[in-house]
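Q: Here is how the chains run, residue by residue.
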Amino acid sequence: MDRIGVVGAGTMGTGVAQLFAEAGHEVVLVDVGDDVLERARDAIARSLWMTPLTRPSAPDLPVAEVMQRISFTADAGQLRHVRYVIENVTEDWETKRGLYGELDRICPPDVPFGVNTSAIPITRIASVTGRAPRVVGTHFMNPAPVKPTVEVIRGYHTSDQTIERTGALLEGAGKKYIVVADSPGFVTNRVLMLMVNEAIFLLHERVAASVTDVDRLFKECFGHAMGPLETADLIGLDTVLLSLEVLYDHLNDPKYRPCPLLRTMVYAGLHGRKTGQGFHTYETGSGIRMPVGRDRRRD
Amino acid sequence: MKPVRESECPLEGIAAVTESEKGQIREFIAEQVGGIRIDDDEDLFDGGHVNSLFAVQLVMWIERALDVPVERGDLDVDNFRTVDDIAAFVDRKREPAWTSD
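Chains as they are written, first to last, in our numbering: chain F, 1 to 299; chain C, 1 to 101.
Because the hints were derived from the structure by calculation, they are not lab data.
Please note that the accuracy of each hint is not assured.
[Said to hold, decoys possible] Each pair of labels, with its calculated beta carbon distance range: (1) C:Arg37 / F:Thr90: 34 to 44 Å; (2) F:Lys255 / C:Glu27: 45 to 55 Å; (3) F:Pro260 / C:Asp41: 22 to 32 Å; (4) F:Pro52 / C:Gln24: 43 to 53 Å; (5) F:Asp35 / C:Gly35: 28 to 38 Å; (6) F:His81 / C:Asp46: 43 to 53 Å.
All C-beta atoms in this analysis are idealised placements derived from N, C-alpha and C, irrespective of residue type, glycine included.
Pulled out of the complex, with its shape left as it was, chain F reads as follows:
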């Protein structure tokens, strides 16, 4: 088993760290703040604890055993010993640009960088590293441990060996993958963000009477598992807005202009499932008695 570096301990990073720890890898999860890392630790422990209910067919792994495979650290230097890095930081070019320069200095040159971005072109990210053939898009879906397939993006310089190595890593963790060429938003988010944004416009313009009506139309008419506004809440409205801005900036196409209602909600802190409030309301687990700490020791 390899040692995997996971950078960014938000919603996606915690899911990716959990996925690879469950698959038996040692995981180094890096983020800038202890508070973020502590929340990530709790989120992963809770998610593992819930596995019998959320994934009844998955093996019932002892929570503590899986947790012990993950080291939570604010020291990016810990990545010098990993064999593969998956980056999941905020969908912001300046943040990513600075980070990739640092990763490039820390990690041995043969280590591939899997970019778990929503929309930023992989080729652009590769351009700020000295290892463009080993930079590849690994677009995981949320929740990463649950969703069966990963969108793998081949940047302009991405090598066949990197694609093969990435595919083997994903398959070893029980994932299927589909390779696409590089483009802002790739295939999934170039379509999905547009659909989500239009759904928000339809609510904003009162074409649909309610959030529920929008979601029900897609679930009941099309058989979608989730409506577009539920999907937006799951992704995080802040990430949806950033992704639309990336698409708008890169494609210069006004069809990607973010709905004003989306902006207002993001500015108001209504970021969806992760904050407890978006288009829908969610339990966040704060203050509940979920025996995460107890199980961490006992299991």
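Chain F is fixed; fit chain C onto it per the hints.
A: What follows is chain C alone, placed relative to chain F:
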């Protein structure tokens, strides 16, 4: 719809699910499935109304709103398939743990 009787409570002072709480369960489920009517014995999982994300929400809600601790051994879909199942689960969790010998 099978009524839940408070008289089924095994010991005085140990509260079974009240009609009011069962109403809360119905209300929570209705919110989660988009406001459509769900019968108390309708299977939420087989009916395609909910997914794994709902299950997480439900367990957190039961702990917070009904003040019932959920253990890892309780995480069986059969405990949460229907409104009736959830009410019965909460009842069982509130029963005192004791033996008769």
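Q: Does each hint fit the structure? Answer for all of them.
A: Each hint, compared with the structure:
1. C:Arg37 / F:Thr90: 34 to 44 Å: For Thr90 (chain F) against Arg37 (chain C), whose Cβ atoms are near 41 Å apart, the range 34 to 44 Å holds.
2. F:Lys255 / C:Glu27: 45 to 55 Å: About 39 Å separates the Cβ atoms of Lys255 (chain F) and Glu27 (chain C), which means 45 to 55 Å is violated.
3. F:Pro260 / C:Asp41: 22 to 32 Å: violated, 44 Å
4. F:Pro52 / C:Gln24: 43 to 53 Å: Because 25 Å falls outside the window, the suggested range is violated.
5. F:Asp35 / C:Gly35: 28 to 38 Å: Given a distance of about 37 Å, which is inside 28 to 38 Å, the answer is holds.
6. F:His81 / C:Asp46: 43 to 53 Å: holds, 47 Å
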